[in-house]
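Below, each chain spelled out in residue letters.
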Amino acid sequence: MFQFLIRRIGLIIPTFIGVTIAAFAFIRVLPGDPVLLMAGERGVTPERHAALMKQFGFDRPIYEQYFDYFFSALGGDLGNSLVTKKPVWDEFFTLFPATLELSVCAIIFAVLVGVPAGIFAATRRGSWPDQTIMGTALVGYSMPIFWWGLLLIILFSGTLGWTPVSGRISLLYFFKPVTGFMLIDSLLSGQKGAFSSALSHLILPTIVLGTIPLAVVARQTRSAMLEVLSEDYVRTARAKGLSPVRVVGVHALRNAMIPVITTIGLQVGVLLAGAILTETIFSWPGIGKWMVDSIFRRDYPSVQGGLLMIAVIVMTVNLIVDLLYGLVNPRIRHTR
Amino acid sequence: MSEQAIDTATDTRSTGVRAMLKEFWHYFSENRGAVIGLWFFIGVCLVALLADLIAPHGATMQYRDALLTPPVWQDGGDWRFLLGTDAVGRDMLSRLIYGSRYSLFVGCIVVTVAMAVGVTIGLIAGFIGGAVDTLIMRLMDIILSFPSLLLALVLVAILGPSLTNAMVAIAIVQQPHYVRLTRAAVLGERNKDYVTAAKVAGVRPLRLMFYTILPNCMAPLIVQAALSFSTAILDAAALGFLGMGAQPPTPEWGTMLAEAREFILRAWWVVTLPGLAILLTVLAINLMGDGLRDALDPKLKRS
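Going down the list, the protein sequences come from chains A and B. Each residue of the first sequence is one higher than the one before, counting from 1 in the numbering used here. Each residue of the second sequence is one higher than the one before, counting from 1001 in the numbering used here.
In case anyone wonders, no lab produced these hints; they're calculated from the structure. Keep in mind the model is a prediction, meaning the values are calculated, not measured.
Restraint ranges, calculated between C-beta atoms of paired labels, are given here: (1) A:L323 with B:L1135: 16 to 26 Å; (2) A:K86 with B:R1261: 27 to 37 Å; (3) B:R1138 with A:L327: 23 to 33 Å.
Heads up, the beta-carbon is just placed ideally off N, CA and C, and yes, glycines get one too.
Just chain A, same shape as in the assembly (with noise of 0.2 Å):
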């Protein structure tokens, strides 16, 4: 195992200065040098230009440079938004919460609901009710999420009036961040009516997000499902007389669901992607939103700080549960 970890992570470092060679690149390939990107239309006089030039050290050689902005991202510093002209590192991580706590709440829908449907299916397989959900699955899976965002809205928020369409909570709130979650948050509170306003927001784009993780997640347990069904140690189990809910529920379910957790752990690509979508269209103030006006606003500090954490976050949770289904599955861990 400790041979696994360490081959594990020494993968990651050269896909890590890589993730930061494209970071900074990105500055580099846009048209223009960098004081005219950030001076924008106002223009800047050649002596003006000259000076900032050095200031920020673009004068120097690239390497440099690079070194430069490696060495300063380890330690955290981004460099400053344009717009806002605060550390990107803590607008980011002001944020990034409001992201978390949605994706949390989108994942835990995906299964709660994806688990037990894909179960069902598979113990039917072939019957109505199995057809009709992993067709329902599929749509789910092809659904353009921005237009599903919008349906719910036309739906819930406006013929139906059920639920707000934007924001994180009503405006009649306010408190100060605790946890960063609005749903503790606004249950630490105490406030009256906060925690209900705070859920009603979060209730559709957390569906909006959760709906291709969950048909991804229904449609993987139901084949991991079939797969161990079949096995020689399920039949024994039924053998022995144990009651159809405890063989499904319990042998099979355990071996079934170490697949599904990887897929669920490699839906985080998916999530930070679609959180771009889900949070544009509900106005969510998460890092998904702030990538996409950042890049409207020619914010480019901010483009490239949060594209280099959105990859280190997403190496991160591959690397966990790469090491997780290392720990589970040995065979994982001999090959190669």
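For this one, chain A is given, so just place chain B on it according to the hints.
The following block gives chain B in isolation, referenced to the frame of chain A:
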């Protein structure tokens, strides 16, 4: 060698192909959803090809007397505009019909480019191995560390928003999947006897790569192609929706949705219909993809 011998050789081969196709169709048609998907997809292709003939109006033709007309079956509907009109009086049906061209075009180009580049790189990585392989695979890891839509978005921000650049960005984001699949397949095939035999017979490396090994790695690649066709359509629509893909007044479905956003509570049809078009097209391709997987890759198990 006599001519007759060559003839027989070609003969067996053609019946072989026919038999293969027949077998393929046998397994493919067992999956009812896949057949429905195929028919729908063919339908969309026909609509795209014949758009000039079947669209009742031009895609950017504005009827100033008929802004936001609802579909015919609703009060205030107009028989001239079967599915209603948008905020500047353009016929929804015609725009949807022309929009199919963009989505299919995006899918075809992205899959072709991503596959051609990805397969070549994958063959090189798997075939040469060593440092080249390591370098290529680390590069692919880097690309895969970014969520696909985010990377596409940033690439478009660099290249400038347009449909062409959106396609380039999506193709770049998608090709690592082909590289990985091809490399894995090549590694599996590389040490088999027929490859060794070909090597011993003096087959040159390029021919060995593309002619001897590649055909035996096709099954997972074809399945991946179907998958990435639908992903490409979704991503292009998403970019269009965010204002980073096709630009107005192009009747691209995602772009249409973006323009329709402000009317969501007033005119359901301008929002619902383009999205439905995207969903149905993507669904049809995914259904086909499932059928292809069942038919081509028995190892991936029926499920």
